[in-house]
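Visitor: Sequence:
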Amino acid sequence: MAGRIEDYALIGDMQTAALVCRDGTVDWLCLPRFDSHAIFAGLLGTEEHGFWRLGPAYASDQQPPTAARRSYRGDSLILESEWDTQRGTVRVTDFMPPRDGAPQLIRIVEGVSGRVPMRSALRMRFSYGRVVPWVHKHEGRTVAVAGPDSVWFDTSAETYGKSLTTYADFTVAPGDRIAFTISWEPSHKEPPPLPEPEQSLEATEDFWREWVDHCTYHGPYREAVVRSLITLKALTYGPTGGIVAAPTTSLPEDIGGVRNWDYRYTWLRDAAITLSSLLRTGYREEARAWREWLLRAVAGDPENLQIMYGIAGERELGEAELDWLPGYENSGPVRVGNGAAHQLQLDVYGEVTEALHLAHMTGLARNDYASLLQLKLIRYLEDHWQEPDEGIWEVRGPRRHFVHSKVMAWVAVDRTIKLIESGDADGPLERWRELRDDIHRDVCERGYDKERNTFTQSYGSKELDASLLLIPQMGFLPPDDKRVIGTIEAIQRELSTSDGFILRYPTTSGDENVDGLPGDEGAFLACSFWMADDLAMIGRVDEARKLFEKLLSLRNDLGLLAEEWDPRLQRQVGNFPQAFSHVPLIDTALRLTASGAYGG
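Taken in order, the sequence shown gives residues 1 to 600; the numbers are from my numbering.
Any given hint could turn out to be false.
Listed next, the in silico BS3-like pairs over lysine-lysine satisfying Cα-Cα at most 27 Å (straight line) [stated by the list, open to error]:
id : residue 1 : residue 2
1  : LYS137    : LYS189
2  : LYS462    : LYS482
3  : LYS550    : LYS233
4  : LYS546    : LYS482
5  : LYS482    : LYS450
6  : LYS162    : LYS137
7  : LYS462    : LYS450
Honestly, the hints are just simulated from the structure, not real lab data. These numbers were taken from a predicted model, which means no experiment stands behind them.
I would like the entire structure built from these sequences, with the hints used as guidance.
Guide: Below, the structure written as structure tokens:
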């Protein structure tokens, strides 16, 4: 059985990523891209669906031992795990070098003390655990082939096959270093070059050191901010600049439930807010690459803007269920693809426009088509902002007039007006100023409950929604407006869990499921960070700091966050690690630092 979600570490090469458990098992890896089929899918099934365990040997009737210590090497994505055994101590270093050629996962075993018996057990299963590859020797190397894929396994340790698994049993003493590498290559091509593990380790460490050196944040939360930035960089698909929401699919928002989605795609919303955090911490090259990705993905068809695309800009992300996988802790179905791709979510226009505006304001070199795209998006909104949509949370129930969607439509128009006023674009300024006023008036009249002094999830609804916390952050109303303060306090009362974290919205209202799905979900971590932001904005800075630091305590030992926190089970849930959790962590740290609201 797979470990708890927070038991996993992330390693990656900016094109794909692997999850490594505390016991030294790689339970998830898609090759060659984030959205490719998994060759290790044990995370969503059993060992029969693929895994690679490397650690101290243990008896067959025992559980594999977990590492006594693990950490990333400095500010990098190089994972170091150490086991203390009766016979000594051993260290395993796991990493994926940023690649020019074949993707590689490299694992180096190092003896620290004593003589420690070790075992590598490699079970490759292609197509998400469904296909057993043909494993054979080729010029002294082990290769697994199935259809278009081949994975090459290289090590100096002696290997043998048993029960459709490749094993290596060996012993390490102080100073011994034994490397294991898997490399992917299309099966019709020549074998990939022999790996050079030690040189690759040095190059990988240099890459991350140089990248982190560009970070402009040096405040009291630097460790958490840098780890989040590294995670966001790891979720960026280097060849195109697209940013995945998470490197996993179908990790459940509700253990045992059906709220299981594929997040290995580029949501415009998630990518736009990621871009914002990167720009505010000094990473302009990533911002430029994402802007170029956006322009390619949208192409000449902004009227048919999708909420998400493939990492190279693909539009068709058809959703399917993998019925041979039981799901993480039997949380089925396992889904690949995402049927929400063609939903109407009007807030996306605001997030994209806000990102383009911020890029412009921070001095990113002007791109005439980016400005033209922004104007086209507003012309679309002129005709469609009054329509109901599925909203930020991608409800699979009926469309509604979501207040957050209307607010973000206002943001799109407001930022475009600012672009025109700066002289960097031409457009019907007066007409769009009227449009901006019309949207603002509509939201304040139809999305606000005067009796309760709070904005509501949608027009005519009594329900609340944590996305309303973004109203002051987007500048729709000032933080000291009584309607803003009332909304913050209402969300605290009605959407807080027992431990003070924030739910997205009530999943049920009476006998109905608000979002069209059965079951429940945990506290959405981004919403809790938004609450901390808002509390700081309205002057409750001590309360904001305490909530923020409580949120930091939910990170696993490596500083990683999933999508949600289950207050009942006291564990992380949802896809992991999640960009939409790490981005607001960075934003809140910046806000608290600017306000001086931090301890110590």
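Visitor: Evaluate each hint against the coordinates.
Guide: Cross-check of the supplied hints:
1. A C-alpha spacing of about 16 Å is found between LYS137 and LYS189, which places the hinted pair at or below 27 Å, so the restraint holds.
2. Restraint check: the Cα-Cα separation between LYS462 and LYS482 comes to about 18 Å, which is no more than 27 Å; the hinted pair holds.
3. The suggested pairing of LYS550 with LYS233 holds, with an alpha-carbon distance near 25 Å, which does not exceed 27 Å.
4. In summary, the hint linking LYS546 to LYS482 is supported, as the alpha carbons are separated by about 24 Å, within the 27 Å threshold.
5. Between LYS482 and LYS450 the CA atoms are separated by roughly 11 Å; this keeps the pair inside 27 Å, and the hint holds.
6. A hinted pair counts as satisfied when its Cα atoms are at most 27 Å apart, and LYS162 with LYS137 qualifies at roughly 15 Å.
7. With a C-alpha separation of about 11 Å, the suggested pairing of LYS462 with LYS450 holds against the 27 Å cut-off.
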